[in-house]
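Here the protein sequences come in this chain order: A and B. Here this note's numbering is used: the first residue of the first sequence is 756, the next is one more, and so on. Here this note's numbering is used: the first residue of the second sequence is 756, the next is one more, and so on.
A hint or two may mislead.
Heads up, the list lumps identical chains together, so a pair's fine if it works in one copy or across two of them.
Think about it this way: if two alpha-carbon atoms lie no more than 30 Å apart in a straight line, the pair counts; the simulated DSBU-like pairs of lysine-lysine are [said to hold, decoys possible]:
{"id": "1", "residue 1": "K757", "residue 2": "K782"}
{"id": "2", "residue 1": "K772", "residue 2": "K802"}
{"id": "3", "residue 1": "K757", "residue 2": "K772"}
{"id": "4", "residue 1": "K993", "residue 2": "K860"}
{"id": "5", "residue 1": "K1013", "residue 2": "K958"}
{"id": "6", "residue 1": "K849", "residue 2": "K772"}
{"id": "7", "residue 1": "K857", "residue 2": "K1000"}
{"id": "8", "residue 1": "K860", "residue 2": "K998"}
{"id": "9", "residue 1": "K846", "residue 2": "K977"}
{"id": "10", "residue 1": "K977", "residue 2": "K912"}
{"id": "11", "residue 1": "K1000", "residue 2": "K1017"}
{"id": "12", "residue 1": "K935", "residue 2": "K912"}
No lab work stands behind these hints: they were computed from the structure.
Residue strings, one per chain:
Number of protein chains: 2
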Amino acid sequence: MKLTILGCHSATPRENKHTTSQLLEVKGNLFLIDCGEGTQMQLRKSKIKFSRVQHIFISHLHGDHFYGLIGLISTFRLLGRTAPLTVYGPKGIKEIITLQLKLAKSWTDYELHFIELEDDEAVSIYEDENISVSTLPLDHRVYTNGFLFTTKSSVRKIDSEAINDLELKPFHFAQLQEGKDISLEDGKTFTNSQLTLPPDVPKRYAFCSDTAYNEALVQRIKGVDVLYHESTFLEQHKELAIKTKHSTAKEAATIASKAGVKQLILGHYSNRYSDKNEFIEEASPIFENVILSEDLKSYSI
Amino acid sequence: MKLTILGCHSATPRENKHTTSQLLEVKGNLFLIDCGEGTQMQLRKSKIKFSRVQHIFISHLHGDHFYGLIGLISTFRLLGRTAPLTVYGPKGIKEIITLQLKLAKSWTDYELHFIELEDDEAVSIYEDENISVSTLPLDHRVYTNGFLFTTKSSVRKIDSEAINDLELKPFHFAQLQEGKDISLEDGKTFTNSQLTLPPDVPKRYAFCSDTAYNEALVQRIKGVDVLYHESTFLEQHKELAIKTKHSTAKEAATIASKAGVKQLILGHYSNRYSDKNEFIEEASPIFENVILSEDLKSYSI
Chain A
756 MKLTILGCHS
766 ATPRENKHTT
776 SQLLEVKGNL
786 FLIDCGEGTQ
796 MQLRKSKIKF
806 SRVQHIFISH
816 LHGDHFYGLI
826 GLISTFRLLG
836 RTAPLTVYGP
846 KGIKEIITLQ
856 LKLAKSWTDY
866 ELHFIELEDD
876 EAVSIYEDEN
886 ISVSTLPLDH
896 RVYTNGFLFT
906 TKSSVRKIDS
916 EAINDLELKP
926 FHFAQLQEGK
936 DISLEDGKTF
946 TNSQLTLPPD
956 VPKRYAFCSD
966 TAYNEALVQR
976 IKGVDVLYHE
986 STFLEQHKEL
996 AIKTKHSTAK
1006 EAATIASKAG
1016 VKQLILGHYS
1026 NRYSDKNEFI
1036 EEASPIFENV
1046 ILSEDLKSYS
1056 I
Chain B
756 MKLTILGCHS
766 ATPRENKHTT
776 SQLLEVKGNL
786 FLIDCGEGTQ
796 MQLRKSKIKF
806 SRVQHIFISH
816 LHGDHFYGLI
826 GLISTFRLLG
836 RTAPLTVYGP
846 KGIKEIITLQ
856 LKLAKSWTDY
866 ELHFIELEDD
876 EAVSIYEDEN
886 ISVSTLPLDH
896 RVYTNGFLFT
906 TKSSVRKIDS
916 EAINDLELKP
926 FHFAQLQEGK
936 DISLEDGKTF
946 TNSQLTLPPD
956 VPKRYAFCSD
966 TAYNEALVQR
976 IKGVDVLYHE
986 STFLEQHKEL
996 AIKTKHSTAK
1006 EAATIASKAG
1016 VKQLILGHYS
1026 NRYSDKNEFI
1036 EEASPIFENV
1046 ILSEDLKSYS
1056 I
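Turn these sequences into a full structure, and let the hints steer you where they fit.
This is how it looks when you write it as structure tokens:
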């Protein structure tokens, strides 16, 4: 998986501070997570061919997470899109988008589907041959979900050393990847496990924004490879975090530590902080492998 | 009047090409015309104190003219705005904005008024001591208005040469500006016209985007100081202009010429043209005093 941060700031977009949006690439497929105002310009800046996005996941209906969605949907139409697009988000999102398309007399020429979310429990919302996506219920001022992306690895890997001296045909490779034993032309037979290695361990990415400190998350994101957890505030403004149902950097680190994740990425910074290193200084004593998200920066998972 | 172009491109915003929005300053009051996606970022770049905007005029409900409105309204709330804000635009605009504020549970703390427009004739929609605003019905794929801004100049100007040797008190100046005659302490009297000059000639700015070639405009914008007229296309793509109900640079110049305006500003360029000088080359043989709008450039009227 490759994660590209398009925007990691909260509340209001500024000249060089974009509100929440992320692009997750999994085996060539692009998944967009949240879509703040100006996301389509950030996508252009990223140089990623964003017409390939077929699934958009919206955490909640605050502007800094979805005001760019209608513009992106319209731009796909103007660029001649034909591939279907599915939007996953809180109930109400379909009405907001379709009302604007109706009044503009600008229905899309491509299929536009909405999967509206209402569950308070984690539910599976998407699955294909490479990945599954489920919700992570969060605790915010409006109905909000994070999203857990889990890759699948059903294909065994050919052990290049073990097959070094064998004359394999293409269909042998296919049989091995499917877990089958093989017979060569000279009559020799090999069990699958003699020539292959187990599939890659699935990778897991958890996106958690926006939320108050929420220990219910810990079980659901146990041991994920990367956790993006919002840290809108520092502890010095904890009363604001409580009032607005956001988290501090310390709280994000505490969740990461309790869940035993491999890496924590902080983001959704309040505009009041000019020095982002303070977030690392606050989080790292509790959880060491922590980094800052930055607009237009990519991360391997 | 001072006009600042925030965006002058059509259809889809790009990295350095912003969709339609303009700021008109009249004696310290700011009027926003259209509000494409990312307008609030352009306002920040312009360094204009945009919290002073109290009236927003939206020409039509295509995204490149209003997708930034909900974000700007939300940002005003987050910045602690208390002054009322009035939005003038096509019927439906109130439902679009209020639906989003409702679902976000984020009603503004300031008064937000909507004046929804449905008339097919030119109507007066705003007036204060300095300016009046009326609609300019345009011919586009959806209900669309341009806007005509006309300054008022009811205050006579003191003739500094004529008062040079007189000992005037502050109340004398007020009387003169109100058009009254004055009596000095030494008994001398002066008629108003002896000491003042006529008020400034009113200035007029006409904003016309988006529209097909529309001769009905000519009478309504006769002799305006500045006409902003869309020129989405060049004549080489006239069939596209007809199909999408837009204008070519030649057509914009023809309207300017027939209306005898003082200056024409072109804009709303299609993204297909890399050399904007072609618009000037096409328009100037028909109307000489023509210039190109540019994002973040200001013009005196």
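>> Run through the hints listed earlier and report the numbers of any the structure violates, in increasing order.
In response: Per hint list: zero violations.
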